[in-house]
Amino acid sequence: MAGSNPNAKPMNLTLNVWRQPNRSTEGKMVEYKVKDISPEMSFLEMLDVLNEDLLHAGTDPVAFDHDCREGICGSCDLFINGRSHGPEKGTTTCQLHMRKFSDGDTITIEPWRANAFPVNKDLSVDRSAFDRIIQAGGYVSVNTGGVPDGNEIAIPKDIADRAFEAATCIGCGACVAACKNASAMLFVSAKVSQLALLPQGKPERKTRVENMIEQMDKEGFGACSNIGSCAAECPVGISLENIAILNREYISAKATSNNLA
Amino acid sequence: MLLDSKIPEGPLAEKWEKHKFNVKLVNPANKRKYDVIVVGTGLAGSSAAASLAELGYNVKAFTYHDSPRRAHSIAAQGGINAAKNYQNDGDSIFRLFYDTVKGGDYRAREANVYRLAQVSVSIIDQCVAQGVPFAREYGGLLANRSFGGAQVSRTFYARGQTGQQLLLGAYSALSRQVAYGKVKLYTRSEMLDLVMVDGQARGIVTRHLITGEVETHAAHAVVLATGGYGNVFYLSTNAKYCNTTAAWRAHKKGAFFANPCFTQIHPTCIPVSGDYQSKLTLMSESLRNDGRVWVPKTTEMAERVRKGEVKPQDIAETDRDYFLERKYPAFGNLVPRDVASRNAKQMCDEGRGVGSTGLAVYLDFAEIIQRIGAEGVSQKYGNLFAMYEKITDENPYERPMRIYPAVHYTMGGLWVDYNLQTTIPGLYATGECNFSDHGANRLGASALMQGLADGYFVIPYTIGDYLAATAPKPVDTQHPAFAEAKAGVEARTEQLLAIKGTRTPDQFHKALGHIMWEYCGMARNAEGLQFAKKEIQRLRKEFWSDVRVAGTGEELNQTLEKAGRVADFIELGELMVDDALARNESCGGHFREEYQTPEGEALRDDENYAYVAAWEYQGENQPEKLNKEELTFENVKLTQRSYK
Chain A
128 MAGSNPNAKP MNLTLNVWRQ PNRSTEGKMV EYKVKDISPE MSFLEMLDVL
178 NEDLLHAGTD PVAFDHDCRE GICGSCDLFI NGRSHGPEKG TTTCQLHMRK
228 FSDGDTITIE PWRANAFPVN KDLSVDRSAF DRIIQAGGYV SVNTGGVPDG
278 NEIAIPKDIA DRAFEAATCI GCGACVAACK NASAMLFVSA KVSQLALLPQ
328 GKPERKTRVE NMIEQMDKEG FGACSNIGSC AAECPVGISL ENIAILNREY
378 ISAKATSNNL A
Chain B
733 MLLDSKIPEG PLAEKWEKHK FNVKLVNPAN KRKYDVIVVG TGLAGSSAAA
783 SLAELGYNVK AFTYHDSPRR AHSIAAQGGI NAAKNYQNDG DSIFRLFYDT
833 VKGGDYRARE ANVYRLAQVS VSIIDQCVAQ GVPFAREYGG LLANRSFGGA
883 QVSRTFYARG QTGQQLLLGA YSALSRQVAY GKVKLYTRSE MLDLVMVDGQ
933 ARGIVTRHLI TGEVETHAAH AVVLATGGYG NVFYLSTNAK YCNTTAAWRA
983 HKKGAFFANP CFTQIHPTCI PVSGDYQSKL TLMSESLRND GRVWVPKTTE
1033 MAERVRKGEV KPQDIAETDR DYFLERKYPA FGNLVPRDVA SRNAKQMCDE
1083 GRGVGSTGLA VYLDFAEIIQ RIGAEGVSQK YGNLFAMYEK ITDENPYERP
1133 MRIYPAVHYT MGGLWVDYNL QTTIPGLYAT GECNFSDHGA NRLGASALMQ
1183 GLADGYFVIP YTIGDYLAAT APKPVDTQHP AFAEAKAGVE ARTEQLLAIK
1233 GTRTPDQFHK ALGHIMWEYC GMARNAEGLQ FAKKEIQRLR KEFWSDVRVA
1283 GTGEELNQTL EKAGRVADFI ELGELMVDDA LARNESCGGH FREEYQTPEG
1333 EALRDDENYA YVAAWEYQGE NQPEKLNKEE LTFENVKLTQ RSYK
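The listed protein sequences derive, respectively, from chains A and B. With this note's numbering applied, the first sequence corresponds to residues 128 to 388, in that order. With this note's numbering applied, the second sequence corresponds to residues 733 to 1376, in that order.
Hints are computed from structural coordinates only; laboratory data are not their basis. Ideal Cβ placement from N, Cα and C applies to all residues, glycine included. Do not take every clue at face value.
[As the list claims (entries may be wrong)] Not everything, but these chain B residues come out facing chain A in the computed CB check (under 8 Å): (1) E786; (2) S799; (3) A861; (4) A911; (5) K914; (6) H940; (7) E945; (8) V1207.
Please model the entire structure based on the sequences and the hints provided.
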């Protein structure tokens, strides 16, 4: 079946892929060749081709995380040619298409590199640290039932829109992988800003930011030095402004904190 | 076995209130003595796990993802319905109920659907309280839009990513209970079997996807919120991991599977571009509010478009056929999904399809861009347009989108009664995993509503009725049934690894998908279905003698995971074909070519087929037994659905 662009020529590529059997075994880069890659393919479909080839050859396929393949679940997490999710701005790996590469290219594919994200196998990493940060306070403490009508509290549209923008974080970890300090500040700031902006989140804003930052530090993420590569590489465009909001929230919480420890 | 749907007596509008009063309550001090397993952490699972934990039950929540937030509910785009009538446009609980029953082509249970419409209003309140950033008007109140198949604006949304925002809300509620220690979260754990003790659901067997360790877990009740089975077609809008394994294993342990042939083909997906295609991407139905669907009027013009000799934007208005507007003047481009899909297929079958494959129709935004400008359109649909361009390399602001129907949702699923309990005592099914609310066709923005209704507002009441009758004694995995189920799972893994054949799980999956799409897809007929049945049986034999899985069971082995899921899909595929063959009528998404009106619309047979087909497993290689739950309609009149 021909694609939408029948003139697109298939490509032959060299892949340098990180292979690591499990967390406790050392890994290394391994070179593979893939042939007849259509420019219409997504990057993960290209890896599917590689894996089918490997399986037919009796070799263990390359493990990588993926699921929705439409840029929203946050599962895919490849570091391609030294960049989180590869060369295209504002794009997850699953939405990156091979038309962004050229015949004969060599492509280097690594997992996210961060102490807080240990490798499970090959390109799959453990991002449960993000879940633990959310568990530390990334919520509004309401039980099911007994809440006011949805229109009880009017929220100015610009506030709602800003909260929404922050809430679109997909939790992929590209920001951590892009940061030379492996800092999780952009991820944490997105949730803190969303809930600090909304009236529903205000009652807990002080404890929330303190607890989430504390958990973030505990997980071994690095400090933020305001370079901004996180926001530059974020596939959904979470703004650096959120880190400014986070810092303000944190300082004002600390200044009046009940937690003297 | 006689199917008892346990629908409460009394007038429709009072059933749920009365039932909530009549169900047994568990003493607050006793709740902590009950363990509940929830499998799946999408909207239905996360909301159930969080709500049950808030009540005091000990919840164990399982997901095969690395985080609960990755469940495929996250990808739902358009919105969530609720009968709030905030827009003063005549909406009501009864209207949402009526629309849903009619939209489902009268194959859903009235009482369940009415309850769904009733609790819909509470869902919005709950989500707002959690900090879900719904779209708002300048006055600060919640915004609504109209959505496929509805003539009122009752859909709440968060740009084109409503599912994401709702799931993150439910995930935050779940995370809070994890922090409190009321939910124990098991990530990267895939349920591979159900454990039964004395005829009751008592636990599950899981495989940890990173270590390969097979584990058993016990509880007083088990809730399956494991989603739908659309990936039986290989290509669908479902995420790659979506599968039927948990539901299918429960089915083989005695849970009836209802209406498996009711699958929804969504009209607005990005067309297939090549054989390597791994999944299909939906373009939200909300686009049909403003986009106009058309094909060239003549096959000659269509041929020129396919060859690239003419650009669609250069085709004169007089040479275009806006076929939905022409055939359905009342609903136009907003006809329900099944109708829109079938018509698109018909245009392509007539040779008027576009794109290089001829398997596409246009969805055109030129008119609205002219009316409100590109900026305004970007406000509404920016992320969808960007996604379309990333995938197709075409700019939808300049050139109409190409769309084609694709498998999207499965209305069928595990049979449940009014309490959402399956035919296995102590086993519940919620969300897309059950069959209950959408009949033969689901309306847009109703999946999110049902998932959250089940999890936040139904299961927390109904599960208590069962638990209150169960002794609050601790449960553990010492019973021999656990070891037996575990051994079964391990043996199957060994078997898959030992075959060492020549074809990969993906190759088998694609072959299955091809059979299902061709013969049990948008249009079906008896001859094709009979052929498909034989093909599936042949494929199943080949699978178990020729599948190739590398590696071992004691590591992250994605090929092994796939192989197990494909094996279950093959078995389910055969049951879908049986179900489609047994239903000699057309309704909703089930279109049997032999049964259509002179205008080519679905022709129901209410006299003989107004029932839920609930299939009962009879053992390996035995034909399944068909049980019927008759549907009675006391509050809506059965009519030929007309959107003209």
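Right, here's what the structure says about each hint:
1. At about 4 Å, the closest approach between the beta carbon of E786 (chain B) and any beta carbon in chain A falls short of 8 Å, and the interface hint on this residue holds.
2. At a threshold of 8 Å, the smallest CB-CB gap from S799 (chain B) to chain A is about 5 Å, leaving the interface hint in force.
3. Taken as an interface hint, A861 (chain B) checks out: its beta carbon lies about 4 Å from the nearest beta carbon of chain A, inside 8 Å.
4. A cut of 8 Å between beta carbons decides the hint on A911 (chain B): the least distance to chain A is about 4 Å, and the hint holds.
5. With 8 Å as the threshold, the beta carbon of K914 (chain B) stays out of range of chain A, its nearest partner Cβ sitting at about 11 Å, so the hint is violated.
6. At about 11 Å, the closest approach between the beta carbon of H940 (chain B) and any beta carbon in chain A exceeds 8 Å, and the interface hint on this residue is violated.
7. Checking E945 (chain B) against chain A: minimum C-beta separation of about 13 Å lies over 8 Å; hint violated.
8. For the restraint placing V1207 (chain B) at the interface with chain A, the shortest Cβ-Cβ distance is roughly 25 Å, beyond the 8 Å limit, so the hint is violated.
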